[in-house]
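Protein chains in written order, with our numbering: chain D, 1 to 91; chain B, 92 to 182; chain F, 183 to 273; chain A, 274 to 364; chain X, 365 to 455; chain G, 456 to 546; chain L, 547 to 637.
These are computed hints drawn from the structure, not numbers from a lab.
Virtual Cβ for every residue (Gly too), placed ideally from N, Cα, C.
Warning: the hint list may mix true and false statements.
Within a straight-line C-alpha distance of at most 30 Å, the following computed DSS-like cross-link-like pairs (lysine-lysine) qualify [to be verified]: (1) K5(D) to K136(B); (2) K614(L) to K369(X); (3) K551(L) to K461(G); (4) K523(G) to K460(G); (5) K591(L) to K432(X); (6) K136(B) to K97(B); (7) K279(A) to K5(D); (8) K370(X) to K552(L); (9) K552(L) to K614(L); (10) K97(B) to K227(F); (11) K97(B) to K250(F); (12) K5(D) to K68(D); (13) K370(X) to K614(L); (14) K279(A) to K45(D); (15) K369(X) to K432(X).
Taking beta-carbon pairs under 7 Å as the criterion, some of the chain G residues facing chain A (in silico) [unchecked claim]: (16) V463; (17) V466; (18) L467; (19) P469; (20) Q471; (21) P472; (22) L475; (23) T479; (24) G487; (25) V492; (26) A540.
Below are the chains, spelled out letter by letter.
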Amino acid sequence: MTQIKKLVLDVLKPHQPNALEFATALADLGDGLAINVAVEEVDEKTESIIVLIEGENIDYDLIAERIKELGASVHSIDEVEVVGAKNKMGE
Amino acid sequence: MTQIKKLVLDVLKPHQPNALEFATALADLGDGLAINVAVEEVDEKTESIIVLIEGENIDYDLIAERIKELGASVHSIDEVEVVGAKNKMGE
Amino acid sequence: MTQIKKLVLDVLKPHQPNALEFATALADLGDGLAINVAVEEVDEKTESIIVLIEGENIDYDLIAERIKELGASVHSIDEVEVVGAKNKMGE
Amino acid sequence: MTQIKKLVLDVLKPHQPNALEFATALADLGDGLAINVAVEEVDEKTESIIVLIEGENIDYDLIAERIKELGASVHSIDEVEVVGAKNKMGE
Amino acid sequence: MTQIKKLVLDVLKPHQPNALEFATALADLGDGLAINVAVEEVDEKTESIIVLIEGENIDYDLIAERIKELGASVHSIDEVEVVGAKNKMGE
Amino acid sequence: MTQIKKLVLDVLKPHQPNALEFATALADLGDGLAINVAVEEVDEKTESIIVLIEGENIDYDLIAERIKELGASVHSIDEVEVVGAKNKMGE
Amino acid sequence: MTQIKKLVLDVLKPHQPNALEFATALADLGDGLAINVAVEEVDEKTESIIVLIEGENIDYDLIAERIKELGASVHSIDEVEVVGAKNKMGE
């Protein structure tokens with residue numbers, strides 16, 4: 001068993017929802033999930049954002065699905081931090 | 092339920108109210124709200140400021156409305172930090 | 183009610199009073215007020231200084247008045263930090 | 274007896290598994306093992322990643338074997354931290 | 365009442381006394397006064413030094429007088445930190 | 456009596472043993488000795504590594520001897536930290 | 547009474563004694579004296595080193611004498627930190 005503690009995603013999104021609504025929609029997925037969205041580049045119809053997600057045990061599939069629902073796409077996973085859980089229960 | 096902990100806004104404002112009055116008007120919106128205004132560029136009639144807002148549970152709509160009342164406009168949301176509240180009560 | 187915690191002022195002043203006398207005159211305005219004056223540029227008759235003021239509850243009007251009495255002028259407010267007071271008493 | 278506390282590996286890997294799956298597969302090897310994968314460069318068929326591994330007593334052979342199973346190869350060991358164990362038991 | 369906590373002076377001095385003797389002569393002026401002298405530029409007959417003075421309540425007149433006795437001159441006051449004393453006794 | 460607390464060595468070594476084996480061989484020399492090896496440059500037959508050694512009381516002769524046994528050579532001692540032992544016993 | 551807490555010396559020394567032997571010879575002069583020697587530049591017959599000395603009450607004359615005995619010379623005193631002793635006993 002492993003736990004994802006940190007994810008840095010390079011995401012391309014339309015102008016709407018804005019960065020705040022985008023971050024809120026992700027934070028809404030889990031208790032104590034901390035989302036930081038920094039806008040990197042703004043183009044005519046889209047903007048590139050860096051999404052930093054920190055949490056005790058991040059569910060990436062849930063995150064990815066929500067990003068898709070928001071009309072955005074994960075351009076790349078720039079950084080991840082994964083920890084082997086202390087109570088390893090079989091594999 | 093989510094809480095906005097941090098907002099970085101790129102704002103265009105007229106020279107009046109000045110940065111101090113501007114920050115004070117925002118800080119006045121909530122208990123323990125910390126507002127940092129840094130003047131980035133001064134033009135003939137306007138100035139670009141970076142507004143950093145930190146708080147336990149920032150009400151963005153209230154912030155945005157006050158900024159508008161001050162004759163200024165949010166040029167972009169540069170960074171946001173949103174946290175999924177611990178006691179998640181339905182969605 | 184709000185409290186000013188930090189002010190960064192870009193000030194133009196004559197050579198006299200010098201930076202030390204200038205800072206002392208400001209610090210004299212309030213208990214526990216911390217004043218840092220850094221000389222940025224020295225011209226023939228004037229010098230540009232950056233004045234950093236930190237305190238629990240800075241009275242800007244008093245500061246501005248004293249700066250004027252010292253023959254100097256606030257060129258710009260570069261940064262401010264204002265906090266919404268915990269015990270908010272009506273508005 | 275010595276213990277490996279930190280390893281920084283420069284690894285070349287195919288696009289699949291992605292950085293998250295890659296880090297997870299490594300973290301799965303040991304309790305409390307912290308894996309950070311940063312994507313450095315993306316080419317047509319491969320990507321260069323920097324893998325930072327931290328743990329109390331890292332088993333490099335296990336790590337190397339798993340990396341190979343994932344279709345990737347260790348391009349170089351960029352940094353290592355090894356500590357002489359306190360209870361030295363013969364040599 | 366105010367207290368000077370920090371002074372940064374740009375000083376021009378002859379080669380003798382050297383930086384160590386210079387700093388010692390200043391430190392000798394008060395209990396717990398911390399003096400840091402960094403040599404910035406060495407010319408044929410003089411050297412430019414940056415003198416950082418930290419203390420609870422620095423007496424600038426005493427400092428200035430001693431610098432003069434050492435054959436040196438304060439070229440400029442680069443930074444000062446002054447604090448309004450807690451027990452303000454009349455003005 | 457003095458104690459060596461830190462050594463930074465610029466070392467030229469063959470590709471084998473690799474950085475990990477090299478660091479392990481040094482860490483094996485003493486209890487609680489922390490070895491950090493960073494690969495700086497890789498040439499056809501050799502590589503330049505920076506070896507940072509930290510410990511309570513490093514035995515340099517032992518270190519130097521082991522480095523030699525590993526087929527490597529100390530190109531230069533880049534930094535050392537030595538402390539005069541508290542209980543100075545004659546000289 | 548004053549105490550020297552820190553000295554940064556720019557020293558020119560022959561290749562022998564090496565940086566480690568040099569630092570050890572200085573550290574040997576006092577209890578708890580911490581010596582850091584960083585090699586800056588290596589020439590054919592000499593090398594420039596920066597010697598950082600930290601201690602509670604550094605005896606500069608002793609240091610200078612030992613440096614001379616080691617065949618080296620203090621090129622310049624780059625930084626000093628001197629503190630006015632708490633119990634000032636006459637002057």
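May I ask you to test the interface hint for P469(G) with respect to chain A, counting a Cβ-Cβ separation under 7 Å as satisfied?
Cβ of P469(G) sits 14 Å from chain A, so the hint is violated.
Return the status of the interface hint for T479(G): holds when the least beta-carbon distance to chain A is below 7 Å, violated otherwise.
holds, 5 Å
Can you confirm whether the C-alpha distance between K5(D) and K136(B) stays at or below 30 Å?
violated, 47 Å
Compare the distance between the alpha carbons of K370(X) and K552(L) with 30 Å, and conclude whether the hinted pair is satisfied.
holds, 19 Å
Keeping to a limit of 30 Å between CA atoms, is the pair of K97(B) and K227(F) held or broken?
violated, 44 Å
Please verify whether K279(A) and K5(D) have alpha carbons no more than 30 Å apart.
With Cα atoms ~18 Å apart, K279(A) and K5(D) stay inside 30 Å; holds.
Should the interface hint for G487(G) be scored as holding, given a Cβ-Cβ cut-off of 7 Å against chain A?
holds, 6 Å
Agreement of K369(X) and K432(X) with the hint, judged by alpha carbon distance not exceeding 30 Å
With Cα atoms ~21 Å apart, K369(X) and K432(X) stay inside 30 Å; holds.
Classify the hint on V492(G) as holds or violated, based on whether any CB of chain A lies nearer than 7 Å to its CB.
holds, 5 Å
Do the alpha carbons of K551(L) and K461(G) lie within 30 Å of each other, as the hint requires?
Distance of about 21 Å is within 30 Å: holds.
Interface restraint verdict for V466(G) against chain A (beta-carbon cut-off 7 Å)
Check failed: Cβ of V466(G) comes no nearer than 14 Å to chain A, outside 7 Å.
Hinted pair, alpha-carbon criterion (30 Å max): K552(L), K614(L). Please report holds or violated.
Given that 30 Å is the threshold and the Cα spacing comes to 19 Å, the pair holds.
Violated hints, listed in ascending order, are 1, 2, 5, 10, 11, 13, 14, 16, 17, 18, 19, 20, 21, 26; each of the other numbered hints is respected by the structure.
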